[in-house]
Amino acid sequence: MANTLRLYSTCIRNTLEAAMCLQNFPCQEVERHNKPEVELKTSPELLLNPVLICRNEAEKCLIETSINSLRISIKVKQADELENILTKKFLRFLSMRAEAFQVLRRKPVQGYDISFLITNYHCEDMQKNKLIDFIVQFMEARILEHKFACSILETLGERVEDAWVFCNQRLDRKSLM
22 MANTLRLYST CIRNTLEAAM CLQNFPCQEV ERHNKPEVEL KTSPELLLNP
72 VLICRNEAEK CLIETSINSL RISIKVKQAD ELENILTKKF LRFLSMRAEA
122 FQVLRRKPVQ GYDISFLITN YHCEDMQKNK LIDFIVQFME ARILEHKFAC
172 SILETLGERV EDAWVFCNQR LDRKSLM
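According to our numbering, numbering within the sequence shown proceeds without interruption in unit steps and concludes at 198.
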């Protein structure tokens, strides 16, 4: 399992290194504006083919690139309703603090759990390798923490259920006496 995560992360890292060759390019629609072309999609000649990297059917990463911006969308595996609720709550928490992350989008791309938008300005202000490390480490940490939190909650739920059954059995015995 850890080996597939390492391969998945390495593939994403290598793709991001190749795709993060962004340059300043003004918008062709409006003068003196510099909008992320990957968001606008007004000029197809400025967009590259999107890359979809899948670890399995439930975990995938979509990397969309244009001349001046890059959008990374990540879908995290959610096996049951508990994981689904935890993921939604955690991602809502993050989206409310999107300004602190600078590259985090408030609303993810349809069909994905979280999205990042990197423009040429981010590449100029920050180091390219540090940006890639942040995204890959964020993804790895969230996947591992998410699975750990779900296993803790499942164990806690089983203990509460056992205690509930035990208390009900004691109450039933007392009522019979």
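No lab work stands behind these hints, which were simulated from the structure alone. Be a bit skeptical, because a hint or two may be false.
25 Å max Cα-Cα, derived PhoX-like pairs, lysine-lysine [claimed, not checked]:
no.	residue 1	residue 2
1	LYS81	LYS96
2	LYS128	LYS109
3	LYS128	LYS62
4	LYS110	LYS96
5	LYS151	LYS56
6	LYS96	LYS149
7	LYS110	LYS98
8	LYS110	LYS128
9	LYS81	LYS109
10	LYS62	LYS96
11	LYS110	LYS149
Label pairs and their computed distance ranges (CB to CB) [to be verified]:
no.	residue 1	residue 2	range
12	ALA39	GLU60	33 to 39 Å
13	LEU103	LYS149	33 to 39 Å
14	LYS110	SER64	34 to 40 Å
15	GLN49	ASN77	38 to 44 Å
16	GLU52	LEU103	16 to 22 Å
17	GLN123	GLU66	37 to 43 Å
18	PHE114	ASN45	17 to 23 Å
19	ASP146	PRO47	31 to 37 Å
20	THR63	LYS151	29 to 35 Å
21	ARG127	GLN44	41 to 47 Å
22	LEU112	LYS62	22 to 28 Å
23	ASN24	LYS62	20 to 26 Å
Quick caveat, the model's predicted, so the values are computed rather than measured. Just so you know, even glycine gets a beta-carbon here, dropped at the ideal spot from N, CA and C.
Cross-check of the supplied hints:
{"no.": "1", "hint": "LYS81 / LYS96", "in the structure": "holds, 5 Å"}
{"no.": "2", "hint": "LYS128 / LYS109", "in the structure": "holds, 12 Å"}
{"no.": "3", "hint": "LYS128 / LYS62", "in the structure": "holds, 17 Å"}
{"no.": "4", "hint": "LYS110 / LYS96", "in the structure": "holds, 15 Å"}
{"no.": "5", "hint": "LYS151 / LYS56", "in the structure": "holds, 23 Å"}
{"no.": "6", "hint": "LYS96 / LYS149", "in the structure": "holds, 23 Å"}
{"no.": "7", "hint": "LYS110 / LYS98", "in the structure": "holds, 15 Å"}
{"no.": "8", "hint": "LYS110 / LYS128", "in the structure": "holds, 14 Å"}
{"no.": "9", "hint": "LYS81 / LYS109", "in the structure": "holds, 17 Å"}
{"no.": "10", "hint": "LYS62 / LYS96", "in the structure": "holds, 22 Å"}
{"no.": "11", "hint": "LYS110 / LYS149", "in the structure": "violated, 30 Å"}
{"no.": "12", "hint": "ALA39 / GLU60: 33 to 39 Å", "in the structure": "violated, 21 Å"}
{"no.": "13", "hint": "LEU103 / LYS149: 33 to 39 Å", "in the structure": "holds, 38 Å"}
{"no.": "14", "hint": "LYS110 / SER64: 34 to 40 Å", "in the structure": "holds, 38 Å"}
{"no.": "15", "hint": "GLN49 / ASN77: 38 to 44 Å", "in the structure": "holds, 39 Å"}
{"no.": "16", "hint": "GLU52 / LEU103: 16 to 22 Å", "in the structure": "violated, 51 Å"}
{"no.": "17", "hint": "GLN123 / GLU66: 37 to 43 Å", "in the structure": "violated, 28 Å"}
{"no.": "18", "hint": "PHE114 / ASN45: 17 to 23 Å", "in the structure": "violated, 33 Å"}
{"no.": "19", "hint": "ASP146 / PRO47: 31 to 37 Å", "in the structure": "violated, 18 Å"}
{"no.": "20", "hint": "THR63 / LYS151: 29 to 35 Å", "in the structure": "holds, 31 Å"}
{"no.": "21", "hint": "ARG127 / GLN44: 41 to 47 Å", "in the structure": "violated, 26 Å"}
{"no.": "22", "hint": "LEU112 / LYS62: 22 to 28 Å", "in the structure": "holds, 24 Å"}
{"no.": "23", "hint": "ASN24 / LYS62: 20 to 26 Å", "in the structure": "violated, 37 Å"}
Checked against the numbered hints given earlier, this structure breaks hints 11, 12, 16, 17, 18, 19, 21 and 23; the rest are met.
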